[in-house]
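Q: Chains as they are written, first to last, in this note's numbering: chain A, 1 to 413; chain B, 1 to 1018.
There are no misleading hints in this set.
Some chain A residues judged to face chain B by a derived CB distance under 7 Å, without partners named:
# : residue
1 : G315
2 : D369
3 : E370
4 : I379
5 : H380
6 : F388
Simulated crosslink set (EDC-like; lysine to aspartate or glutamate; CA at most 20 Å straight-line):
#  : chain 1 : residue 1 : chain 2 : residue 2
7  : A       : K181      : A       : E251
8  : B       : K850      : A       : E305
9  : B       : K871      : A       : E321
10 : A       : K391      : A       : D367
11 : B       : K913      : A       : D369
Bear in mind the hints are in silico, worked out from the structure with no lab data behind them.
Source: prediction; values computed, not measured.
Even glycine gets a Cβ: it sits at the ideal position worked out from N, Cα and C.
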Amino acid sequence: MAYMSMGEAHRRITDYLNRFSDAVSSQDVVSLKQLLSFSSNSPSLLSLADSLNVFQDANRLIKQSDNYSPFADITVPLFRSLQHYRTGNLVDAYLAFEKSANAFIQEFRNWESAWALEALYVIAYEIRVLAERADRELASNGKSPEKLKAAGSFLMKVFGVLAGKGSKRVGALYLTCQLFKIYFKLGTVHLCRSVIRSIETARIFDFEEFPKRDKVTYMYYTGRLEVFNENFPAADQKLSYALINCNPQSEANIRMILKYLIPVKLSIGILPKDWLLEKYNLVEYSNIVQALRRGDLRLLRHALEEHEDQFLRSGVYLVLEKLELQVYQRLFKKIYIIQKQKDPSKAHQMKLDVIVKALKWLEMDMDVDEVECIVAILIHKNLVKGYFAHKSKVVVLSKQDPFPKLNGKPVNS
Amino acid sequence: MMMMNQNQQGSTQNIASSVDPNSVENRYVVDASQSQASSYFPSTTGSGAVSWVTHGVNNQSTENGNLSNASYHHEQHTESHVKSLQDGLNATSLTSSSNLGTTNVAQDYSGYTSYPNSSDPYAYGSTAYPGYYSSYQQQPNHSYPQPVGAYQNSGAPYQPISSFQNSGSYVGPASYSATYYSPGDYQTAGGYPSSGYSHQTTSWNEGNYTNYTSHQYSNYTSDTSGAYSSGTAPATSLQYQQQYKQWADYYSQTEVSCAPGTENLSVASTSNQVLQPPGVTAGYPTAHSQPAPIYHQSWQQDSSSSHVSSLQPAATSNGSHDSYWKHGTPSFQNRQVSPVQPHYSKPLEQKTSYNNFQDQHKAACPQGPSSQYAIGQQMAPSYQSPPVQTSPQLDNRRVSKLQIPTNPRIASNLALGLPKTDKDSSTANAAAKPAYIGVSLAKSNEKVVSHADSRVEPGTFPKSLCGYVERALARCKGDAEIAASQAVMGEIIKKANSDGTLFSRDWDVEPLFPKPTTEAVTKDLPTSTPLSALSKNKRSPSRRTKSRWEPLPEEKPIDKLASSTNEIVKFSGWIHANEKDRKHISGSVSKEDRLNNIKFHLSEQKSASKSFQRPVKRQRLSADGFKTEDNGDASSDSDKEQSLTSYYSGAIALANSPEERMRRENRSKRFDRGQGNRSETNRFKGKNAGTGNLYVRRASALLISKSFDDGGSRAVEDIDWDALTVKGTCQEIEKRYLRLTSAPDPSTVRPEEVLEKALQMVQNSQKNYLYKCDQLKSIRQDLTVQRIRNQLTAKVYETHARLAIENGDLPEYNQCQSQLKILYAEGIEGCCMEFSAYHLLCVILHSNNKRELLSLMSRLSDKAKQDKAVKHALAVRAAVSSGNYIMFFRLYKTAPNLNTCLMDLYVEKMRFKAVSCMSRSYRPTVPVSYVAQVLGFTGVSPTNEECEERDSDGLEECVEWLKAHGASLVTDANGEVQLDAKASSSTLFMPEPEDAVSHGDANLAVNDFLARASSQPS
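Full structure from sequences and hints, please.
A: Given below as structure tokens:
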């Protein structure tokens, strides 16, 4: 950074302060947003940070002027945060920013209209991003990362400011989504429950009136929660909503949604087209889909093994693992079809030995008892219609629709 | 009055110069009186000083007056003291004596030191304390006749005081003041005080004598040299501290050696008490103050005669001392400053003053009691309320405390000579509380009046606070206190020389108030002080009566410094007391007696034990509003605290170097603006503790940590957590688990080597699970307490976790698991794989938390996935999630480690699922033998007869199980039992577990658990 004269620094600082007070007094949220958005790394903010380093007495400047002093609680810590931010001291930057944000909320609370909602969004976003980065800094220093948690409780406070109030309520969903992001990142998704309840039980405000982007985000996260709960119909509904309403241009978002929607659809018997997987670069699912189509248990297991870490991290591993029964069903169906081709009259009687042989061919080392158990489970879960005769070790299939399709319904658990 | 004051001053000076003990007393008195005077008589500082001096003189004179013999004794004492001083300890003091301030100090010191010596000449038992006592007794006796009137008077005021005590926890403070003041009082008492001092000193000498002397000297000399006011204040503080130390020693001594130490203590306490009363009386009329001293003396005598009684008083006095200290410190500074100068200026004419005093006292006594009382009573309401809240309360409390302890003694004394006193004493004894209360009000009023006039309160403060005074003094000195004191001085002078004497005595009593007074003074300096003080007083009393706990917001600010210091002292005291209590108290009846006595005096029903245990909380509370504590009922509670404090003070005194003082002052200042007393006190405590010893530190840290709960910012950085770590000394291998409710006692904590043995013992034990669990818990506790985190720790937790798994005690297992997780994460070696398998199984089988399972699995390292146990756990997971019962029961049969035990807990569920599945899928029937085999009732592959035998048992079991779950069984043509699948599919049910309990956790059913645990082969 080139040397900056004192006068120049002073000019830039006062310029910023003027813009800030003007934006507030004229309720110009667009310029206010720009003044708060650290992560935009806008040149004006960066040069302001440098100016603050040159001109050390900005606080006095703020407090001495009647124009600036009303916002001293906001701007003083904001300046400090900016300075820390500029020097890469993110923990301190976060702390100061939270202080500033706190003061902003106080002001916001007093404004009757919701004109500054956008600015509040910026603050909520900045504080989350700052906290994440501060946590990374803390972790790299061997300290316990805790700022994101602090940001979570701070945003919960902001949520309290917005929820329930008329014109400001529209901002509640944005806050909810920011909270979701924090909670999912922290792995404390159980905290989502209270926020969700507040959104879904308050009937004063129709969900459809929230901004679309917030709705999509909200549905995405709640859909993911349903995946955790293995509540596939609900997960399907929410994630599908998110997919349908998502901006088609933002492929990254669509991919994120599909990442969860595909396993959900698979577990209710709906398989995606290959091009979809390719288009959104979800090839990790392709082998699984293939295994489902072919009844190839070995392929499924290999696919699961191959992407185990990935699936575990995204939380779909257990969902995918449960597809195994569908693969068995497909395998049995194939055997049934072959038997039917050979001898239609005896096709509905499937000897256990045959199944064991088929599995051996797939390099699945399972003995008769185990296969018998699988058969029993398939019948029990209504993936196979029929019964098993223990004495003769034969699966007797129903003559009508022995392998019912799921048709969008989950496997009986 | 002015004249009198002057005379008194002169006398005091003389005394100071001539008689070391007297001078010491004078100092005290002076200090107290000064502070009082300053507050009282703002107008003429010089005069105030004079008055103070006079007070001191008065006391002396009163002593003299009280006992012509006594006066003789005094003179002799003084001379002897002086000589002794000159001879031995305080050549410097003697030399310095030319400088009044320095001389005083020196005298004081010398007086202390000399006292024993002097006592010899006196024919007391020179070195022997008992001898002193006897002498005291004798002296008092002599004096008694003369003082009687005064005594009566004093007794009346005393009673009021006592009543005050009742109202609050004043008793404690009173005793403090007494002790503190005792020097001053002693002077008045003449031989008594000195003797008492000597006793104290002697006892103390053992412990802290050197320290004392050195401290006093250094402080005094420096202080005095610089300026009396400033110098004296510190000096007094030092003295006080010393006294505190002494007290502490006393405590210890008393505790340890009942007879001699206790006697000494008691004497000292009595003397103190006497002093306090004088102080109280001083607040009233001078005459009162004088009589009061006499009374005290008499009491002391009594106490001396009866060791037990003396002991009790001592204890009380200790308690009171604590409060005194706290209260007194600020005021002390003030007092000291103003009075010192006057004293100096007024050397000569001790005798005359004495005579005058005596005369006055005598005259005043007879008249005084009634008139004073009346006045006092009248005055009392208004005065009490208006005067500085804290100070009056403190004074009252102190007085009451003093009285209370003294009451028995007084009674004896009274019996000896004075009807009035007898009455007082009797009342006190019989219905100590009520009588006290009633009387106390009057007394308090009187005091208040006097205080209001002369700022009695400030005076009192100095004494009590002496130890703390340093800090307080620093503040007080700097501030308006001095000015106020000066103004008060003028007022005091105006009011009366006699009053002045009273004041001096009062001061002794008052020391508790000092801070408030100082503050009040500063605030009230303009004459408005009385009113404000009155109002405050009123408030405070009511508060006191209401509850100790109530923090007095108003008072707090004033008392912050003082309270903080006090608190510190208390803390230290507590700590000491705790330690000592454990050792001594438990054993020694005498202590209990003392405590009881104290309690009685206090009229507080709180039990000693309670007070011991609760101290911390109370302290905090009290810390908040120092005076609150006074209010309290605190007295009883604070008894132990006080004693502890005294101990602490001893430690503190040791650390009372100038630098340390400076540091403390800085700290206290730092705290002043901040949140308040608590934090300050805490820090003080912490630091003091640091200077002191480990115990102190630990205690302080504990206190601090506890205080954290209260909210607010504490000086966490002041906590030396390492110092808190216990190092166990217990060598017992076996130890029952007992949840800690207090700080761990090293003597009951086992060190690591012993714990290792204990672990082995548990592992090899044949006893049941309950016993082992208990032992392991105690091992865990000892480890935790000592912050041992190593392989042994992991081993203990692993052992316990395995044991818990074996016995199906999941809650206990979960505790161990969570600890193990942390231990492993810290890199401590152990059976990490085994336990991650357990953890997996636990989550899989018992929590049904998908997210936790996922995160667990995703965190498994590749190495872990290759581990046999972990692999097994993962396979179990797969089997469970797919419902593959065949796989599950195969895994069940081949489980490594204790995986079987965890699976055991899931077997029932798995079997039921399996049978439901089978009954749905199989047609028409399934052989039960097959069911028994796949569901783990029988061996997988029967190979020999033995197995078959077992299998037949298993088959039986399976049949029973199926029947119990509603399956319908049929016997086919071959006689083989078959499960009728279709029929069963609709009739299967999960029976209520037999061991089900209403709260859902069978492990919590004690009887059942015991039965199970004991039936375990373990």
